[in-house]
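Can you build the whole structure from these sequences, using the hints too?
Note that the protein sequences, when read in sequence, are chains H and P.
Note that my numbering numbers the first sequence so that position 204 is 204, with each residue one more than the last.
Note that my numbering numbers the second sequence so that position 112 is 112, with each residue one more than the last.
These are computed hints drawn from the structure, not numbers from a lab.
Keep in mind that a hint or two might mislead.
Pairs of lysine to aspartate or glutamate residues, derived as EDC-like cross-links and limited to a Cα-Cα distance of at most 20 Å, are as follows [stated by the list, open to error]:
(1) P:K63 <-> P:D85
(2) H:K43 <-> H:D31
(3) P:K63 <-> H:E39
(4) P:K63 <-> H:E272
(5) H:K305 <-> P:D42
(6) P:K63 <-> H:D121
(7) H:K102 <-> H:D150
(8) P:K84 <-> H:D213
(9) H:K306 <-> P:E88
(10) P:K63 <-> H:D56
(11) H:K306 <-> P:E120
(12) H:K260 <-> H:D56
(13) P:K63 <-> H:D213
(14) H:K306 <-> P:E45
(15) P:K84 <-> H:D275
(16) H:K246 <-> H:D56
(17) H:K334 <-> P:E88
(18) P:K63 <-> H:E230
(19) H:K334 <-> H:E272
(20) H:K334 <-> H:D258
(21) P:K84 <-> P:E120
(22) H:K344 <-> H:E272
(23) H:K305 <-> P:E45
(24) H:K306 <-> H:D258
(25) H:K306 <-> P:D42
(26) H:K260 <-> H:D238
(27) H:K102 <-> H:E230
(28) H:K267 <-> H:D229
(29) H:K102 <-> H:D121
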Amino acid sequence: MVPFAGWDMPVEYSGITNEHMAVRTRAGVFDVSHMGEIEIAGKNAAAAVQQILCNDASGLQVGQAQYTGLLTPDGTFLDDMLVYRMAPSHFMLVANASNAAKDFAWINEQVKAVGDAAAVDTSSRYALIAIQGPAAREVLQPLTGVDLDDLKYYWFGHGEVAAARATISRTGYTGEDGFEVFVPPNMADAVWQALLQSGRSADVVPCGLGARDTLRLEAAMRLYGNDIDETTTPLEADLGWIVGWKKDAFIGRDRLVDQKQKGVSRKLVGFEMLDRGIARHGYPIMHGDQRAGVVTSGTQTPFLKKAIGMAYVPVHMAAHGSEIDIDVRGRLSKARVVALPFYKRT
Amino acid sequence: MAYPSDLKYTKDHEWIRISGDTAEIGITDFAQQQLGDVVYVDLPEAGRTITAGDTFGSIESVKAVSELFAPMSGEVVDVNQQLKDRPETVNSDPHGTWMLKVRLADPGAAGALLDSRQYEELIKSS
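Encoded structure:
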């Protein structure tokens, strides 16, 4: 167990490699109840969401979710999150645990400024259990009356799972098909046990933070605090697709428009190690004897079986195929810039 | 897993198997459990000397990197080449997977190391 954003969480149950491979080939179950929930409701809720979050939620249907950013006026990330449209004027934001208090304070202030809407921190009302992997649907389906075939990627529905009132979302942080199930906290254990029981014949395993990190990195999903933070913008993080450029106004817009016109000076790229070893978070990217960038995430991936990572580099080093030098504990190691994601399910 | 009584141990969780003036060096079951899945072992080449208590290499798992410390001083006479392709044997058979074979500078210095009972006491209290 390790302390994580005020929670005690297991790094691994049966080993990171075993858990990672289970999710890529069968399915794994994750307790991600640490995630924070913030709900915005009221007459102006949609307007508030459009102002506070950088992606354009105007086309978001009730029952649909979207990946988005919560930005500072400087266009940098306060957090990244999913926004769920629960009802025409009711949204739920699912935020990183370590940021949830900071996010709520900021969002509450902004919602008040918009007026005629309210924000509530509802984190304590939900436990969140994820089942991820190619077998996720067949493991979850026997436990619920919700027809999972009707749930498209990034859509959600309401019903029951193992007799618990549940919201089932076809989302995840692994690069696999899968679901995230919001249930009342007192039902979390029952749902967790039911999923493992239902998944027994498919050899479904419980998964910890370690596999969650290696899986999301193969899928090139950004991790707040590593790959993005209050010093980096969506454009620098190569997340321009989550910026609602057609919106007239949202917090951070001016900076992003300016940055788009002038071009960014550094960019988040993926790399594969050419030399042996793993380049980890914080290791410098070198250009001659100058420090030119920094590794934000790095690991040995159990599925692709190579050392990969993401790093901020100057744009002149960002082209796919470029070779970069990484200072791995005092030794210069070669890596090659490659396209993201490293892994894409077929 | 039991800690074999024919090995000596360090507080840094290496083991050493001494026979005459040569010895094999590896890491303990406790160490591999703490590391998790090992993916890479960085070792010195044959002919190099290692010094008791100093770093002689590093070991990387998916979640962390850790230094390796020499239990005793000596000259490296052989390096386990199988670890390049199968580093996971450190996890599956920690006490049977040697990393280095060393010609000891002073075989008599082994008295400063822990025996299996002392080592088991050490990890129980950590």
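Worksheet item: What hints, given by number in increasing order, does this structure fail?
Response: 2, 3, 6, 7, 8, 10, 11, 14, 17, 18, 20, 21, 23, 24
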